[in-house]
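Novice: Sequence:
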Amino acid sequence: MTSGIRLGAPAGTTRGFGEEEFRQIARWITEVVDGLAANGEDGNAAVEAKVKAEVEALCKRFPLYQDM
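Heads up, the sequence shown is in the numbering used here, so the first residue is 4 and it goes up one at a time.
No lab work stands behind these hints: they were computed from the structure. In this text, all values refer to a predicted model and were calculated from it rather than measured experimentally. Heads up, a few of these hints could be off.
As the list claims (entries may be wrong) - Have a look at the derived ranges for each label pair, beta carbon to beta carbon: (1) M4 with A29: 31 to 37 Å; (2) P13 with V36: 20 to 26 Å; (3) A60 with T5: 29 to 35 Å; (4) N42 with Y68: 15 to 21 Å; (5) Y68 with M4: 37 to 43 Å; (6) D70 with R30: 19 to 25 Å; (7) K63 with A41: 27 to 33 Å; (8) T16 with G46: 32 to 38 Å; (9) A14 with E44: 36 to 42 Å; (10) V36 with E59: 31 to 37 Å; (11) R18 with A41: 19 to 25 Å; (12) R30 with S6: 19 to 25 Å; (13) Q69 with S6: 35 to 41 Å.
Idealized CB from N, CA, C, for every residue including glycine.
Working from the sequences, and respecting the hints, build out all of it.
Specialist: Printed below as a string of structure tokens:
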């Protein structure tokens, strides 16, 4: 039996993410998973909303298309 998640780094590097951005992504994954363990699926909305806002801010710093 296998388990885990697989992340594709090419999508991030195409955006211009560097080592620190990938470390931040790992921290967000840990934050959400730890929140799920502590709060359960139904009680983790605040953690997920916080992480979502931070992800959106990161993506705005590294847009897919520079002219848009």
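Novice: The structure should be examined with respect to each hint, and the outcome stated for every one.
Specialist: Evaluation of the provided hints:
At roughly 24 Å, the beta-carbon separation of M4 and A29 lies outside the given 31 to 37 Å, and the hint is violated. At roughly 23 Å, the beta-carbon separation of P13 and V36 lies within the given 20 to 26 Å, and the hint holds. Checked against the given bound of 29 to 35 Å, the beta carbons of A60 and T5, roughly 33 Å apart, stay inside it. Remark: the range hint 15 to 21 Å for N42 to Y68 is contradicted by a beta-carbon distance near 37 Å.
Remark: the range hint 37 to 43 Å for Y68 to M4 is upheld by a beta-carbon distance near 41 Å. Judged by the Cβ atoms, the range 19 to 25 Å given for D70 and R30 is violated: they are separated by roughly 31 Å. Checking the proposed 27 to 33 Å range against K63 and A41 shows it holds: the Cβ atoms sit about 29 Å from each other. Take T16 and G46: their Cβ atoms lie about 35 Å apart, and the range 32 to 38 Å holds.
About 26 Å separates the C-beta atoms of A14 and E44, a value inconsistent with the hinted range of 36 to 42 Å. Against the hinted window of 31 to 37 Å, the Cβ-Cβ separation of V36 and E59 comes to about 20 Å, which falls outside the hint. Evaluation of the 19 to 25 Å hint for R18 and A41 yields a failure: the beta carbon distance comes to about 31 Å. Distance hint for R30 and S6: a CB-CB separation of about 21 Å, consistent with the stated range 19 to 25 Å.
Distance hint check: the CB atoms of Q69 and S6 are about 38 Å apart, consistent with the given range 35 to 41 Å.
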